[in-house]
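Residue numbers (my numbering), protein chains in the order written: chain A, 17 to 306; chain B, 17 to 306.
Errors might be hidden in some of the hints.
Treat identical chains as interchangeable: a pair holds within one or across any two.
To be verified - Heads up, simulated SDA-like pairs for lysine to any residue below, C-alpha to C-alpha not over 20 Å straight-line:
| no. | residue 1 | residue 2 |
| --- | --- | --- |
| 1 | K147 | N136 |
| 2 | K33 | Y159 |
| 3 | K138 | N181 |
| 4 | K106 | M17 |
| 5 | K305 | N269 |
| 6 | K35 | N185 |
| 7 | K191 | P38 |
| 8 | K35 | Y159 |
The set of hints was computed from the structure by calculation and includes no laboratory data.
As a plain string of letters, each chain reads:
There are 2 protein chains.
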Amino acid sequence: MKNYIEIINKNLDEFLKVKYPPEIFEAMRYTVLLPGKRLRPVFCLETCRLAGGNIEDAIPTACAIEMLHAQSLIHDDLPCMDNDDFRRGKPSNHKVFGEANAVLAGDALISFAPQVIIENTKNVPADTLLKVINEYCIAAGCYGIIAGQVADIQAENFNYKNFENPEENLNFIHKNKTAALFKLALKSGALIGNASDEFMCDILDFAEAFGMAFQIYDDIIDEISTFDKLGKTVGKDKDEGKLTYVSLYGLDNAKCKLNCQITRAYDIIGKYNSDIFNSAIGKLGEGTKK
Amino acid sequence: MKNYIEIINKNLDEFLKVKYPPEIFEAMRYTVLLPGKRLRPVFCLETCRLAGGNIEDAIPTACAIEMLHAQSLIHDDLPCMDNDDFRRGKPSNHKVFGEANAVLAGDALISFAPQVIIENTKNVPADTLLKVINEYCIAAGCYGIIAGQVADIQAENFNYKNFENPEENLNFIHKNKTAALFKLALKSGALIGNASDEFMCDILDFAEAFGMAFQIYDDIIDEISTFDKLGKTVGKDKDEGKLTYVSLYGLDNAKCKLNCQITRAYDIIGKYNSDIFNSAIGKLGEGTKK
Numbered sequence: 017m018k019n020y021i022e023i024i025n026k027n028l029d030e031f032l033k034v035k036y037p038p039e040i041f042e043a044m045r046y047t048v049l050l051p052g053k054r055l056r057p058v059f060c061l062e063t064c065r066l067a068g069g070n071i072e073d074a075i076p077t078a079c080a081i082e083m084l085h086a087q088s089l090i091h092d093d094l095p096c097m098d099n100d101d102f103r104r105g106k107p108s109n110h111k112v113f114g115e116a117n118a119v120l121a122g123d124a125l126i127s128f129a130p131q132v133i134i135e136n137t138k139n140v141p142a143d144t145l146l147k148v149i150n151e152y153c154i155a156a157g158c159y160g161i162i163a164g165q166v167a168d169i170q171a172e173n174f175n176y177k178n179f180e181n182p183e184e185n186l187n188f189i190h191k192n193k194t195a196a197l198f199k200l201a202l203k204s205g206a207l208i209g210n211a212s213d214e215f216m217c218d219i220l221d222f223a224e225a226f227g228m229a230f231q232i233y234d235d236i237i238d239e240i241s242t243f244d245k246l247g248k249t250v251g252k253d254k255d256e257g258k259l260t261y262v263s264l265y266g267l268d269n270a271k272c273k274l275n276c277q278i279t280r281a282y283d284i285i286g287k288y289n290s291d292i293f294n295s296a297i298g299k300l301g302e303g304t305k306k
Numbered sequence: 017m018k019n020y021i022e023i024i025n026k027n028l029d030e031f032l033k034v035k036y037p038p039e040i041f042e043a044m045r046y047t048v049l050l051p052g053k054r055l056r057p058v059f060c061l062e063t064c065r066l067a068g069g070n071i072e073d074a075i076p077t078a079c080a081i082e083m084l085h086a087q088s089l090i091h092d093d094l095p096c097m098d099n100d101d102f103r104r105g106k107p108s109n110h111k112v113f114g115e116a117n118a119v120l121a122g123d124a125l126i127s128f129a130p131q132v133i134i135e136n137t138k139n140v141p142a143d144t145l146l147k148v149i150n151e152y153c154i155a156a157g158c159y160g161i162i163a164g165q166v167a168d169i170q171a172e173n174f175n176y177k178n179f180e181n182p183e184e185n186l187n188f189i190h191k192n193k194t195a196a197l198f199k200l201a202l203k204s205g206a207l208i209g210n211a212s213d214e215f216m217c218d219i220l221d222f223a224e225a226f227g228m229a230f231q232i233y234d235d236i237i238d239e240i241s242t243f244d245k246l247g248k249t250v251g252k253d254k255d256e257g258k259l260t261y262v263s264l265y266g267l268d269n270a271k272c273k274l275n276c277q278i279t280r281a282y283d284i285i286g287k288y289n290s291d292i293f294n295s296a297i298g299k300l301g302e303g304t305k306k
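Extracted from the complex, chain A is given alone in its bound form (with noise of 0.2 Å):
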């Protein structure tokens, strides 16, 4: 995992080379950069690997993917989103650069991760790379994450509880907002490495698995968790009747959920003895113990 997260950040670093005007790169650097689980990228290597795949044919995706999971904090932080100044424990993007330039460093980090993509993967045909670039703009917009977060915000404004089915709302919400990465990320480390298609069926269920114990665990944090922890504003979901697994179900019940996608993410993924998904799935259940 360790070995995973030096080979992303160096090519990260790589690849986001300042050039001018040098704010913009620098704004997009910002984010990028801070120091992160980079949890989907070193998913996406993994995954290529267990496919039978050079991981060296995936490191372009896996770092187009961690350029999108950042483009989505800068963008979620803004003041007319979720209006946070704190991100992995330093001031957000918009804090730092400015509205119009956070804006904009979003804006380039969409295109600019299927550039790098293009331009830096050698080894993999044409037609596999474009559907891997078609699952990526999938991921990225609105059959996507764009999906998820409109939804997340209306569920907010229009509160949820006067929803005829909350539960629905959530689970479109999150399969699009917090899923949607991750099974970008197995996805496309998939079809890199040129799996089978017995090994992609079961990547796709544990994307799914995974996706929703990360959400889960994600908002049980929310409301757990101390700012020194995790680094950004916590608490916020209940202060703003959030439409959360913790405020729909109860703490109690979400953390049952929980250990109920754990369980199976263990069971799809046990086959193939990945102690980065091992240790990955464990830290979820120890996460929310404390």
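Given chain A, put chain B in place with the hints provided.
Coordinates of chain B only, in the frame set by chain A:
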């Protein structure tokens, strides 16, 4: 031209069918479908035809370029950017859908456009399509319109009169902010039409000349036109001390530079006998005489 515009409008409408959550698709549709000249997508189709290709193959790319153009308008109009309340005679996107949805609609368009290309283009080899998408990404991002927009904001914030070589800044802004999209339209049309080297060379020269002419025209029009004619706030460049061809060289010299680029554009494209290109160049000349 009219025929091309109809094809583009029909396809834009189909590509942007409203799905869940409707708000995001409606916000995307609102700006993309505002009546306009569709100059960039028309250029893409016409270039494909002149190169010897089938315009059917270029329709998704032509529509994608119009989507990218709309995206840049939505985000440029935001309060933290140019803060414009009107666009093409209608309230701008954030005035209708709110700032959060306007940011998200723009974000969604950036990745939806290449998704449309990949999912709807037939009869074009995968490696050619990758080149088209690469050009799209370059034009859309920190090596294209975003770079131009950042440099534009800087010239405004730091008063370009203090710059060592404001002419260089002005050329950078417009090469990236305006010419980049015309270059994308023309180059991608040529790629899809499987153009000869000579044709590609000519079309890239033409892209530069026409893009430059278009921007000088736009700067002049902002100075001399009215809200009724233009459907957007005019005279803002002057009020805000923007770096434009008019502010840097004066109105008469700007007109002179425009005529220079118009002559250059005619010279390059003349041998292809395209009514569409000739008439588009002609309109830039007429517009400033009124």
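Subject >> Hint check against the structure, violated hint numbers in rising order >> reply: As far as the earlier hints go, 3 and 4 are violated by this structure, in ascending order.
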